[in-house]
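S.K.: Given the coordinates of chain V, work out where chain U should sit on it, guided by the hints.
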Amino acid sequence: MEKLTFLARDGEMLAYDDYQLGNDRPIVIFLHGSTYNARRYANLAKKLNGDNYGACLLNWRGHGGSQGRVGSVDYIGQLEDDLADFIHHLKTVTHQDLIITGHSAGAIICLRYINKYGCNDIAGVSFIAPAINGPLETVRYPHASASWQYRLSYFRASKPVLPVPPNILQYAPSLNSLAFFGAKLLPFLRHRTILTFPASERMAKLEGRVLNYSYNLMLSCDINDYPAAFNKITVPTLLLCGANDEVVHPQLLSTIFNWHLPPSIVKEIIELENVNHIQVNNAAVKLVPLWLNRHFASSTEQTVSESETVAC
Amino acid sequence: MLNTNTITFKGKLTNKQILIEQLDLDKEATITVLIESAYQQWGALFNQHLAGDYIIVLPLAERQLLVCLSPFSSHQLFYRADDNGFFLSDNLSCFSQGATVNTLSINQLLTGRTLYQGNHLFDGVSMLTNGQCQIWQFSPRLELVSDHTLTLQQKLNSASNQSSEPLVDNIANETFIPTQAFNQLPTLARILTEPVSALWQLNFLQQVQQHTQPDLHCQQPPIIMQGVSKTINSLSASLLKRPLMRRQSALTQINSVLYDQFQRELDDWYEPNTLDFKTWLYLSYELGVQWAQKRLIAQHYDKAIDFGFCDSAKIKHWLNQAPVEQQSLTTQPVNPLFSLSDDSIVNIFDAMQRLMYHGYKPVTEKLFNIVPPISAKLIKQHPKHSSQVESFCCLSLTLDHLARHANWSLI
Numbered sequence: 179m180e181k182l183t184f185l186a187r188d189g190e191m192l193a194y195d196d197y198q199l200g201n202d203r204p205i206v207i208f209l210h211g212s213t214y215n216a217r218r219y220a221n222l223a224k225k226l227n228g229d230n231y232g233a234c235l236l237n238w239r240g241h242g243g244s245q246g247r248v249g250s251v252d253y254i255g256q257l258e259d260d261l262a263d264f265i266h267h268l269k270t271v272t273h274q275d276l277i278i279t280g281h282s283a284g285a286i287i288c289l290r291y292i293n294k295y296g297c298n299d300i301a302g303v304s305f306i307a308p309a310i311n312g313p314l315e316t317v318r319y320p321h322a323s324a325s326w327q328y329r330l331s332y333f334r335a336s337k338p339v340l341p342v343p344p345n346i347l348q349y350a351p352s353l354n355s356l357a358f359f360g361a362k363l364l365p366f367l368r369h370r371t372i373l374t375f376p377a378s379e380r381m382a383k384l385e386g387r388v389l390n391y392s393y394n395l396m397l398s399c400d401i402n403d404y405p406a407a408f409n410k411i412t413v414p415t416l417l418l419c420g421a422n423d424e425v426v427h428p429q430l431l432s433t434i435f436n437w438h439l440p441p442s443i444v445k446e447i448i449e450l451e452n453v454n455h456i457q458v459n460n461a462a463v464k465l466v467p468l469w470l471n472r473h474f475a476s477s478t479e480q481t482v483s484e485s486e487t488v489a490c
Numbered sequence: 048m049l050n051t052n053t054i055t056f057k058g059k060l061t062n063k064q065i066l067i068e069q070l071d072l073d074k075e076a077t078i079t080v081l082i083e084s085a086y087q088q089w090g091a092l093f094n095q096h097l098a099g100d101y102i103i104v105l106p107l108a109e110r111q112l113l114v115c116l117s118p119f120s121s122h123q124l125f126y127r128a129d130d131n132g133f134f135l136s137d138n139l140s141c142f143s144q145g146a147t148v149n150t151l152s153i154n155q156l157l158t159g160r161t162l163y164q165g166n167h168l169f170d171g172v173s174m175l176t177n178g179q180c181q182i183w184q185f186s187p188r189l190e191l192v193s194d195h196t197l198t199l200q201q202k203l204n205s206a207s208n209q210s211s212e213p214l215v216d217n218i219a220n221e222t223f224i225p226t227q228a229f230n231q232l233p234t235l236a237r238i239l240t241e242p243v244s245a246l247w248q249l250n251f252l253q254q255v256q257q258h259t260q261p262d263l264h265c266q267q268p269p270i271i272m273q274g275v276s277k278t279i280n281s282l283s284a285s286l287l288k289r290p291l292m293r294r295q296s297a298l299t300q301i302n303s304v305l306y307d308q309f310q311r312e313l314d315d316w317y318e319p320n321t322l323d324f325k326t327w328l329y330l331s332y333e334l335g336v337q338w339a340q341k342r343l344i345a346q347h348y349d350k351a352i353d354f355g356f357c358d359s360a361k362i363k364h365w366l367n368q369a370p371v372e373q374q375s376l377t378t379q380p381v382n383p384l385f386s387l388s389d390d391s392i393v394n395i396f397d398a399m400q401r402l403m404y405h406g407y408k409p410v411t412e413k414l415f416n417i418v419p420p421i422s423a424k425l426i427k428q429h430p431k432h433s434s435q436v437e438s439f440c441c442l443s444l445t446l447d448h449l450a451r452h453a454n455w456s457l458i
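Chains V and U supply the protein sequences, listed in that same order.
Per the working numbering, numbering of the first sequence is gapless, rising by one per residue and ending at 490.
Per the working numbering, numbering of the second sequence is gapless, rising by one per residue and ending at 458.
Bound-form chain V, shown alone (with noise of 0.2 Å):
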């Protein structure tokens, strides 16, 4: 493993811990969940490898060895386009196929890379456990002022908010409900920090985990027309996601597999008994590869194969 960095369009150099195996698979593109960073994912990397896959684990901007405002970006959507950045940087580097993957909001970023620039420089996308919080539907514990919002959306009266479990409240960021009316409505307060997340401090800096966001992070990692940006997809996909996932509903990712993504892909859906939203990368670390295996290894292997024909 290497670590690596790039020059993204507006100069800022972005880390990225470098798995490249130099063969002609796919390179699996990697992109975190919210405070963590590249770190935590070098097992994913290391079985792809194993499986030989090669593997970049993305940092965010302002994330492990990134450059960049710490908690905050310049601009809403400035994730998917150092995404874009990257991708491009790699297609002058190698030609082998791309594939991008992103666990929680990283699966976001994948998502809204999608959306602004089509799937035309990558062959595959997976999402664990996509972490889509902006929707009124998504979230599996909707906040006490959900039932108004219910009443604005639909004119209708919302079933009861029952209230969010205790264990689950521990991990729950919070959000300055004040702090983030006054971002939206003026610019400049929309880097200052509307939502935290729970964590020790000290682990937290061990860790180099970023614990506080600001509007304009907080909306770059969130997605409120998630139909439309499945829509989008042409490449094979993968929904990966645990039964007691904290963040995700239960039912999302059969909706959006079932009506949003397109019936002429190739898709795949596995939903996991007892695993949350943290223990499913544990999964990923052995479904990801088998999902690789079953739809680009023999891809791979067929065009080595047919190439070898042609020079006999």
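Just so you know, these hints were derived from the structure itself, not from any lab.
Treat the hints with care, as some may be off.
Straight-line C-alpha distance at most 27 Å; calculated BS3-like pairs for lysine-lysine [unchecked claim]:
| id | chain 1 | residue 1 | chain 2 | residue 2 |
| --- | --- | --- | --- | --- |
| 1 | U | 288 | U | 74 |
| 2 | V | 445 | U | 413 |
| 3 | V | 294 | V | 410 |
| 4 | V | 337 | U | 424 |
| 5 | U | 74 | U | 57 |
| 6 | U | 277 | U | 431 |
| 7 | U | 413 | V | 410 |
| 8 | V | 269 | V | 294 |
| 9 | U | 325 | U | 277 |
| 10 | U | 74 | U | 63 |
| 11 | V | 464 | V | 225 |
| 12 | U | 288 | V | 337 |
| 13 | V | 383 | V | 410 |
| 14 | V | 337 | U | 413 |
| 15 | V | 445 | V | 225 |
From chain V, some residues computed to sit far from chain U (all C-beta separations above 10 Å) [said to hold, decoys possible]:
| id | residue |
| --- | --- |
| 16 | 245 |
| 17 | 266 |
| 18 | 297 |
| 19 | 343 |
| 20 | 354 |
| 21 | 355 |
| 22 | 356 |
| 23 | 366 |
| 24 | 384 |
| 25 | 388 |
| 26 | 432 |
Values in this document were obtained by computation on a predicted structure and should not be read as measured data.
Note that the Cβ used here is the ideal one computed from N, Cα and C, for glycine as well.
M.R.: Leaving out everything else, chain U in the frame of chain V:
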């Protein structure tokens, strides 16, 4: 697409031995020989003599092609005849990609009726009715030279199945699982290649899914589908946009044309009968479509299906036996299938209202006014008119899904 250069027979012929005797053929005569001989003997009305459940595509001399359906059939034949040629298929999905949707057909589905002759989902694509036989001339120019549809009386008096052991119905009333229903709608719509408009379709899908045997025997007697008692627009005014409102008079016209046809058939009827228009319409047009949709669902799950009542003698017996009132059961479920308290992500009512924000691509946008204050008014009537509200939600959502992914447009 079906090949129009070779003879095609799909389905089953159930009076083969009788036909062999009638046509004086060799005992080992193939279906091809049998069909060709039957056509030579009886001409375009030959399907009256061939019992069973089938479609026939028969190339004739002088660049002609015969296409026909059995008098009662669970198969369908769709065709498009235009400057680009003659295209024939037993599945509407062959014509689906980039199709232009006929607004009138959506109107018809909204009233709870199936789509039948003269008004199909896609502009330029026609469908054969049960008992219809057409002969097309391919050169020097493409034209329809013969078109004959058996009257209901002719169908009822057509050849019936040779006696065989009646099969036991094995499509049990499995438990309906509402939590799964919402996410099954897109699959169902794609299987049918039309918006899901009747809730029995969803019920049947789950029955087939839960069924473990490879062969399904549907012995259910015909159930006449009721039209809706109140129009959607009367439940929530302004829900339908102008293209749909404008075509409502056309729908009335279709009904009056059909009623005239019914009266003409009734005038020629030589046996005493108590046939009413609804029953005639159902047996002439809707029953076959219902069976065909069940066949499509079964085929999707790799199951073979046969229909016990797909036989002239049985239908005639059914018609004579039960008073019309007893046959006129509704196919719409009495109890609501969906609940207003379902989680929003799988709540059919919320999803319909969300069409405004998401999905909502050209076709649905031009037909429906699903802004929350208007659509909420409809949903609030769910306790009273559950099947109508649910049917509308299913229809609008699945129409949007199909239109979006198959790139449909409106005339």
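S.K.: Would you list, in rising numerical order, the hints stated earlier that this structure does not obey?
M.R.: 1, 2, 12, 13, 14 and 26
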